[in-house]
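Sequences are here, hints too, so could you generate the full structure?
Residue numbers (UniProt numbering): 1 to 469.
Some clues are possibly wrong.
Restraint-style ranges between C-beta atoms, simulated for each label pair [unchecked claim]:
| id | residue 1 | residue 2 | range |
| --- | --- | --- | --- |
| 1 | Thr271 | Gly42 | 27 to 33 angstroms |
| 2 | Arg52 | Asp210 | 32 to 38 angstroms |
| 3 | Ala239 | Arg13 | 40 to 46 angstroms |
| 4 | Ser100 | His182 | 33 to 39 angstroms |
| 5 | Thr270 | Ala235 | 17 to 23 angstroms |
Hints are computed from structural coordinates only; laboratory data are not their basis.
Quick caveat: nothing in here was measured; it's all calculated off a predicted structure.
Even glycine gets a Cβ: it sits at the ideal position worked out from N, Cα and C.
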Amino acid sequence: MTPREFGRYRLDRLLGRGSAGEVWLAYDPADARTVALKILSGSAAEDADYRRRFEREARIGTHLDNPHIAPIHRFGEYAGRLYLDMAYIPGVDLARLVRSSAMAAPEAVDLISQIAEALDAAHAAGLVHRDVKPANIIVHTSGFAYLIDFGIARAAGQTTITATGFTVGTLAYMAPERFTGHGDSRSDVYSLACVLYECLTARRPFGDTDAVRQLHAHLHEPPPRPSTVAAHVPAALDAVVARGMAKRPDDRYRTAGELAAAARAAVGTTTVDHTPPVLQSEPSQIPDPRAISEATGQQLGPAPAARGQLGPTPLAAGQPATTRRFDSEPAPVPGYAGAAAERPRGAARQVSPAPPRSSVLTIAAALTGAAIVVLAVVAGCTALLSSGSRTPSDQQSTTRPEATTPAPTTAAPATPEPEYTTAVIPPRRPLPFPTGVLPPPFQIPHVTSYSEDQHSTPTESGKQHPHAG
Numbered sequence: 001m002t003p004r005e006f007g008r009y010r011l012d013r014l015l016g017r018g019s020a021g022e023v024w025l026a027y028d029p030a031d032a033r034t035v036a037l038k039i040l041s042g043s044a045a046e047d048a049d050y051r052r053r054f055e056r057e058a059r060i061g062t063h064l065d066n067p068h069i070a071p072i073h074r075f076g077e078y079a080g081r082l083y084l085d086m087a088y089i090p091g092v093d094l095a096r097l098v099r100s101s102a103m104a105a106p107e108a109v110d111l112i113s114q115i116a117e118a119l120d121a122a123h124a125a126g127l128v129h130r131d132v133k134p135a136n137i138i139v140h141t142s143g144f145a146y147l148i149d150f151g152i153a154r155a156a157g158q159t160t161i162t163a164t165g166f167t168v169g170t171l172a173y174m175a176p177e178r179f180t181g182h183g184d185s186r187s188d189v190y191s192l193a194c195v196l197y198e199c200l201t202a203r204r205p206f207g208d209t210d211a212v213r214q215l216h217a218h219l220h221e222p223p224p225r226p227s228t229v230a231a232h233v234p235a236a237l238d239a240v241v242a243r244g245m246a247k248r249p250d251d252r253y254r255t256a257g258e259l260a261a262a263a264r265a266a267v268g269t270t271t272v273d274h275t276p277p278v279l280q281s282e283p284s285q286i287p288d289p290r291a292i293s294e295a296t297g298q299q300l301g302p303a304p305a306a307r308g309q310l311g312p313t314p315l316a317a318g319q320p321a322t323t324r325r326f327d328s329e330p331a332p333v334p335g336y337a338g339a340a341a342e343r344p345r346g347a348a349r350q351v352s353p354a355p356p357r358s359s360v361l362t363i364a365a366a367l368t369g370a371a372i373v374v375l376a377v378v379a380g381c382t383a384l385l386s387s388g389s390r391t392p393s394d395q396q397s398t399t400r401p402e403a404t405t406p407a408p409t410t411a412a413p414a415t416p417e418p419e420y421t422t423a424v425i426p427p428r429r430p431l432p433f434p435t436g437v438l439p440p441p442f443q444i445p446h447v448t449s450y451s452e453d454q455h456s457t458p459t460e461s462g463k464q465h466p467h468a469g
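So this is what it looks like as structure tokens:
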């Protein structure tokens, strides 16, 4: 299949798709490295307020140099689509790790402590993540954890209870004040406590219920106690989760680091110094794609953009490019994009054909029904917020609701003279590890697809990998 292109990038493989956009495994020939390229939905660039927030938060994100934050190389706009060029981190998202079984308490606390470091660094820089959840946490095979999706601007009052962005997966970790349009760094602390609960129990705090029940539980029900669900969890962690998920922000831990310290004290562990994984890479080992094409007669992708051509300005001269080639194709990697649907193992990816003309009325009726359901959900949420009435809490479930897999879409068509803007902000100091490196097939059990929690399209399925041990 002929590789697609997006400006300076060659799009090699779709990694995930969600309500925010698509994430591609892409190659940047100008910097000779492989990256995770997030291309936001077309409507994002049309919203002036959103564009301003996107630019501000992406700019801050490029300066976040905490080792537990996946770096942002550059951001900009091409052909009417906003994009983020991010480091490609080999690993598996936490949502998949806890889907089958819970973590041991010390392991869960250690992981939360790593993410707390990332959050405290972001909060100190004036950036609130607003979407802390297992799908946005990537765990390397070494156990080193990364928090991703910084630099994706979100409206202060965005609750994702909309016709285009509705996801129960995100609602499961949202602080109560977020439903009324407020929130600050303590909202991230609440979400981190929810993630801790799920790591310990392999369940979401208030189960896999509908939007109205999720909202009601976050507003009115007491925080769940993990020790009553999982026998291996020390009872002392119940108090940590309860304070982290307190309804009033003032009653929570002041920082994510305080929550992590309390969790370590509850299980009797101390801070663990994690060394970022070093991915071997030498720029001198990177051949020019044009030279390979001339030698083999095969077109491997676009050559680096010549001076004066359309495309983002490359990073400042002297910055090292990092990439690595492997003989085998790496396994699909979860993370980066936000919400994903699973497909049965071994099932081939299906591309839905265009509907016949005779089905137009049927589709219109279905869409009308879906719109009515969304309006009913929003009306129910509004009634709960205004009256505070209680409804019976739903039983917690260890299974995730099934979701349909949307058909992949083609990349935005290129225009003859697309408008192209970019911003490149080098890190304030060299990162402690190389980025943009393609990994060998990593060893994570039951990794079947690149996921975005509930709504993305996996690119491959049916592969299992033995546990690294």
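Problem set entry | Hints not upheld, ascending by number | 1
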